[in-house]
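> Counting with numbering that gives the first Met the number 0, you get residues 0 to 162 for the letters of the sequence shown.
No lab work stands behind these hints: they were computed from the structure.
You may find that some hints are simply not true.
Only pairs whose alpha carbons sit at most 20 Å apart, straight line, appear in this in silico SDA-like list of lysine to any residue [stated by the list, open to error]: (1) K133 with A113; (2) K133 with D98; (3) K101 with T91; (4) K104 with L55; (5) K104 with Q134; (6) K83 with S53; (7) K45 with G74; (8) K101 with H87; (9) K83 with Q146; (10) K104 with W121; (11) K83 with W48; (12) K45 with I72; (13) K50 with G64; (14) K133 with S33; (15) K83 with A113; (16) K104 with K133; (17) K83 with S33; (18) K83 with A126; (19) K83 with Q41; (20) K101 with A86; (21) K101 with S115; (22) K45 with N85; (23) K45 with D148; (24) K101 with K50; (25) K45 with Q146; (26) K83 with T114; (27) K133 with T114; (28) K101 with D46; (29) K50 with S33; (30) K101 with R54; (31) K104 with Q146; (32) K45 with S112; (33) K104 with E127; (34) K83 with K50; (35) K50 with E127; (36) K133 with I72.
None of the values given here were measured: they were computed from a predicted structure.
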Amino acid sequence: MNRFRWKGLALALCFATTSGLAATQAFAATPVSSSTESTAIQRAMKDIWDKPDSRLEVAPVSILGSHAVAGWIQGSRGGRALLKRNAHGQWTVAVCGGDGLKDPKMLEMAGLSATSASQLAWNVAQAEAAMTPKQRALFSSFDGMVQIDPHGAHPAHSTGNTH
């Protein structure tokens with residue numbers, strides 16, 4: 000790698016360690032408004048699971064390139080979702096889980112590079128630090144990991160986790 004590319008990478012890493020938003024923008028595959036992407040992610044999840052009698056709250060949303068982790072709460076239940084941007088630029092839910100979606104090793108197993116997995120896990124921790132302890136406890140309450148098909152379906156939860 001030439002000297003100029005190293006300097007660019009060092010500059011991106013410097014910005015990434017000082018701010019979650021900067022990290023998202025420094026490592027994003029294409030420059031996008033994180034607000035626009037967060038809204039698209041919230042809409043994708045709500046289109047699948049939001050119900051008039053059981054509203055889905057989606058926040059915080061941490062985005063890194065074509066992957067994101069979003070916290071969700073629906074009634075007395077909660078968890079996290081790993082989303083991927085598909086070839087058409089749309090966000091789709093790949094996995095629902097709890098604390099595993101804060102673990103860089105689990106994010107690697109889901110297809111992120113080691114560097115991206117570590118950065119996304121850091122972004123999630125920073126974003127969730129602004130949430131209340133009760134909200135964080137709900138995110139952590141989802142038991143296990145459930146793979147989601149492209150239409151938002153998943154097998155029934157044996158432990159009572161539902162959306």
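> All hints are to be evaluated individually against the structure, with a verdict given for each.
Here is how each hint holds up against the structure:
Between K133 and A113, the direct Cα distance comes to roughly 30 Å. Violation of the 20 Å bound is thereby established for this hinted pair. Simply put, K133 and D98 have alpha-carbon atoms about 14 Å apart, close enough for the 20 Å limit, and the pair holds. Proposed proximity of K101 and T91 is supported: the alpha carbons are some 18 Å apart, at most 20 Å. With a CA separation close to 28 Å, the supplied pair K104 and L55 exceeds the 20 Å bound.
Our distance criterion of 20 Å between C-alpha atoms is broken by K104 and Q134, whose separation comes to about 24 Å. Between K83 and S53, the direct Cα distance comes to roughly 25 Å. Violation of the 20 Å bound is thereby established for this hinted pair. Between the alpha carbons of K45 and G74 the distance comes to roughly 14 Å, so the proposed pair stays at or under 20 Å and holds. With a C-alpha separation of about 26 Å, the suggested pair K101 and H87 falls outside the 20 Å cut-off, and the hint is violated.
A distance of roughly 12 Å separates the Cα atoms of K83 and Q146; the hinted pair therefore holds under the 20 Å criterion. Distance restraint check for K104 and W121: the Cα-Cα separation of roughly 12 Å lies within the 20 Å cut-off, and the hinted pair is therefore satisfied. For the suggested pair K83 and W48, the alpha carbons sit about 17 Å apart, so the restraint of at most 20 Å is met. Distance hint between K45 and I72 is fulfilled; the C-alpha atoms sit about 11 Å from each other, no more than 20 Å.
For the given pair, K50 sits about 29 Å from G64 by alpha-carbon distance, which is inconsistent with the 20 Å threshold. Straight-line distance between C-alpha atoms of K133 and S33 comes to about 25 Å, which puts the hinted pair past the 20 Å bound. The straight-line distance between the Cα atoms of K83 and A113 is roughly 16 Å, inside the 20 Å bound, and the hint therefore holds. The suggested pairing of K104 with K133 is violated, with an alpha-carbon distance near 26 Å, which exceeds 20 Å.
Under the criterion of a C-alpha separation no larger than 20 Å, the hint pairing K83 with S33 is consistent with the structure, at around 15 Å. Annotation: proposed proximity of K83 to A126 holds, straight-line Cα distance about 19 Å (limit 20 Å). For the proposed pair K83 and Q41, the alpha carbon gap of about 13 Å is at most 20 Å, so the pair holds. About 25 Å separates the Cα atoms of K101 and A86, which puts this hinted pair outside 20 Å; it is violated.
A threshold of 20 Å between alpha carbons decides the hint, and for K101 with S115 the separation of about 12 Å falls inside it, so the pair holds. Of the supplied pair hints, the one linking K45 and N85 holds, its CA atoms being roughly 18 Å apart against a limit of 20 Å. For the hint linking K45 to D148, the alpha-carbon distance of about 16 Å falls within 20 Å, and the restraint holds. Of the pairs offered as hints, the one joining K101 and K50 is violated, with about 27 Å between alpha carbons and a cut-off of 20 Å exceeded.
Restraint check: the Cα-Cα separation between K45 and Q146 comes to about 17 Å, which is no more than 20 Å; the hinted pair holds. Of the supplied pair hints, the one linking K83 and T114 holds, its CA atoms being roughly 17 Å apart against a limit of 20 Å. A hinted pair counts as satisfied when its Cα atoms are at most 20 Å apart, and K133 with T114 does not qualify at roughly 30 Å. Between K101 and D46 the alpha-carbon distance is near 24 Å, which puts this suggested pair outside the 20 Å criterion.
The hinted pair formed by K50 and S33 fails the criterion: a straight-line CA distance of about 26 Å is larger than 20 Å. A hinted pair counts as satisfied when its Cα atoms are at most 20 Å apart, and K101 with R54 does not qualify at roughly 24 Å. Under the criterion of a C-alpha separation no larger than 20 Å, the hint pairing K104 with Q146 is consistent with the structure, at around 16 Å. Restraint check for K45 and S112: the C-alpha separation of about 28 Å exceeds 20 Å, so the hint is violated.
For a cut-off of 20 Å, the pair hint linking K104 to E127 stands: about 19 Å separates their Cα positions. Restraint check: the Cα-Cα separation between K83 and K50 comes to about 23 Å, which exceeds 20 Å; the hinted pair is violated. Taking the CA atoms of K50 and E127, the gap is near 25 Å; set against the 20 Å cutoff, the hint is violated. Between K133 and I72, the direct Cα distance comes to roughly 11 Å. Compliance with the 20 Å bound is thereby established for this hinted pair.
In this structure, the earlier hints numbered 1, 4, 5, 6, 8, 13, 14, 16, 20, 24, 27, 28, 29, 30, 32, 34, 35 are contradicted, and the remaining ones agree with it.
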